[in-house]
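**Student:** Take a look at the letters that make up each chain.
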Amino acid sequence: MSTTAPMPPKKVNRIGLDVLQYRGSKTTLCAGCGHNAISERIVECFYEMGIEPWSVAKFSGIGCSSKSPAYFLGMAHGFNAVHGRAPAVATGALLANRNLLGIVVSGDGDTASIGLGQFMHMLRRNVPLIYVIENNGVYGLTKGQFSATADLGSKLKTGVVNDLPPIDVCLAGIELGATLVARSFSGDKRQLQSILKTCIAHKGLSVVDVISPCVAFNDHEGSTKSYSYMKDHEEPLHEIDFIPHFEEIHVEIPEGEARDVRLHDGSLLRLRKLDRDYDPTNKLEAVRMLHESQKTGEVLTGILYVDSGRDNFTDILNIVDEPLATLPEERVRPSREVLDQIMEELR
Amino acid sequence: MSTTQVTSVEPFVDGHGKAVVNDFSIQVATVNGSGSQTANNVLMRSIFQMGVPVSGKNLFPSNIAGLPTWFTIRASKHGWIGRKKEIDFLVAMNPETAQEDVAKLEPGAAVVYDEPLKLNTLRSDLHFYAVPFDKLVGPVCPEAKLRKLVRNMIYDGVVGWLLGIEFDEIRKALFKQFGPKKAKAAEMNWNAVLAGRDFAEKNLVKTDPFRIERMDQTAGKIIIDGNAATALGCMFAGVTVVTWYPITPSSSLVESLIGYLKRFRVDKETGKATYAVVQAEDEIASIGMVIGAGWAGARAMTATAGPGISLMSEFVGLGYYAEVPAVVFDVQRVGPSTGLPTRTMQGDLLKNAVLSHGDTRHPMLFPSSPEECFTMAGTAFDLAEHFQTPVFVMTDLDLGMNNWMSDPFPYPETPIARGKVLTEEDLNRLNGFARYADVDGDGIGYRTLPGTKHPKAAYFTRGSGHNEKAQYTEREDDYINNMDRLSRKFETMRQHVPKPEVVLNEKASVGLICCGTSRYACEESRDQLLREYGLETSYLRLKAYPFTGDLSDFVSRHERVYVIDQNRDAQLLSLMRLELAAEEIARLRSVRYYGGMPLDARTVTDDIVRQEGL
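In the order they appear, the protein sequences are chains A and B. All residue numbers for the first sequence refer to our numbering, where the first residue is 1 and numbers rise by one. All residue numbers for the second sequence refer to our numbering, where the first residue is 1001 and numbers rise by one.
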């Protein structure tokens, strides 16, 4: 066959960009690292949702996970902050420009150990951010020490057994004020995509805990964050359909088998029932399910909790609609008369 | 001075002995939480309203109620408003410290005291006035629970009568202090002032020489504390993001700022704020938010004190390497933890200059007065954005928390300068940019703000491991190039920071150098050295680090140069050692005070006299 097929028309999204324009620089993480799969999903979701990449700001702390913002959305500004402190930097940036779509990629050490304080206060403020935790239960970049999300009794490659219970970042998220909390597995492409798209549409803080096996230090027998362990123990809570506000809703759902949650921007989150009638807006139920899964050793995945009614931090602070960063001088420097008035009061 | 050296006091009567007019200090000793602050401010303000230059210093404990606190008011017809070491007129309200307070007085001082303390038995070389405060307060304040507060107003009446302060001015000051919303409370307090005055008139015989007489030296002036002045400076500099974690003595800076922003920076049409203020979970988060906001283009600031600065260290280093504008107001104080947090010190000069790890250097501004707090806040934001780096404004507890007489502040005459920021249009014209390239030869690169609608606007921000295009690198040559450019940027700064105030005296071979609030003691000390010892001096007051060439010129023109530091380890002098030539360093001498009180002239004079062998 010597004929060449005509070049297929370039596939573009609703704002005319192709998927390559959502990529970042080449990854330097290990081949097979779960974090790379997560970066792929982020690229796909921002592309498919037709988000302008330059309206996104990426943040991270320190660790293998925190390198990954360089590997997606090269046309978005990125800030690799200090260890455990991405929440503060992201909060400041979002206050300076509330129109940015902020995404933080953190790790389990970065979030649950050195960064636990900032993580919790970010939750409490409901800062409008997507906060992805690439959770492998281990410090990869410093070569394999336990993190605070490592499960009790899990084993390091060196044979060291973890003797402290883990911090459940999803439980913390629900308790302390995140308005969307989800857990997924880096190998579950479809579920992770649905979750990330839902997060993009959500206007408050989304916390996504993604179990992401470390192929170098934590993918062996005895690890509870390995590929094989996850395959045996992952229990999806429900199937998730996400319908963006710009797409017509066409799915026929049999009555009683699905639950819709409408997000701020008009998108629909549709949870299809598997074996339980799970209501993600019920905080107590979400907490109960997580505690139960801890007891049974299952890893519960899916969208665990959504509250689309609560104001986010920029709303609470009642700041003007335009970015504070670029307000013109006449709006940020009061007049000469104001200074005269203040001086008179001090005489 | 001790109680055993008893000398009798010549009663002062008009025409006999010499009156001391408008040149003495008053100290009110109370316990904190007793509401004495209002009475003290009214006393200070009424002297100010009589046209007499005045200053007030609140020496308070780290406590809410029940520990000793002293308020010192200095009236000075010569305009010296630094702390005066000697107390001339004591109001002894605190039984815990009364005996020690009286023992410290110089002979001839006056003491108003609470009658049951019987202080008059302690010494016979002082002028004592007993006042039965508890008996006087009952009739003017029927509500028992308010008596503790109103009681203090009585001493305003007694002292006012003894010093000849005009009661119309006391009334005016009192009503100003309470404001129109608390007119009823003001009325009750005014009755307490009158009760004090009437008691004094009927029962006391004035024997001391101290007098307040009307002058015209305060017309048009304002009274304000340094923190409020800084807050105003920030508002008029167009600050948009403010983060903080409460810490003495910086809290009132942000609290004042919040008050002003609520009044003057809310959009009238929408009712929405043109600013964001966040009380963060700690100082690490405060500076992190400032760095994030500065990176995204806001005029962002935080205010803190030494312990907070220590926590900010890592982020400040990142700000230096990633080149992010940030303004940090450091209201300096003593010590970490329970280490005299309510006492003043210039304790962070060395630390802030090189805060964080690796090779870092940060500019600092040294305001010395409320007016400079106001103007330098604006300068700090301009410098931070122009040089894309964290800038420290070094005030201190004395300046920040005490009330100062000041000229009214000048409205900023120059537009807000946002530095080298490329817009969408610029990027179209340039077809991209390299974030850390030294295009203009001044070491300052061009930046873009996140959210700029252009495919080539983005860059990735990280610590020191980047090349000119902001790409990750660990290459030796990239690192060195970047570090050298940062050095060039720091050198450029010397041309842009405020120049020192210099007073060159052709007859002087001795010079004095200081910064910040040390100025008041230094300026008065120069007067003492000349009048009392005939020592001519020159004077240089630093306003910024990095130092400008003026410093080296000044040092080489004098044989001996005294550097005045409010810390034990001569931090300002040490900073000069890093920059001056060996023969200049050899001329430097150190004068240090580190007791936690605002520096006084006598301490400076005595040390220079000792070192000069005069």
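There may be inaccurate statements among the hints.
Here are the computed lysine-lysine pairs in the DSBU-like style, where the Cα-Cα straight-line distance is at most 35 Å [stated by the list, open to error]:
{"hint": "1", "chain 1": "B", "residue 1": "Lys1456", "chain 2": "A", "residue 2": "Lys10"}
{"hint": "2", "chain 1": "B", "residue 1": "Lys1206", "chain 2": "A", "residue 2": "Lys189"}
{"hint": "3", "chain 1": "B", "residue 1": "Lys1145", "chain 2": "A", "residue 2": "Lys11"}
{"hint": "4", "chain 1": "B", "residue 1": "Lys1453", "chain 2": "A", "residue 2": "Lys26"}
If you're looking for bench data, these hints aren't it; they were derived computationally from the structure. The structure displayed is predicted, hence computed values, not measured ones.
**Student:** Could you work out which of the previously given hints the structure breaks and list their numbers from low to high?
**Tutor:** 2 and 3
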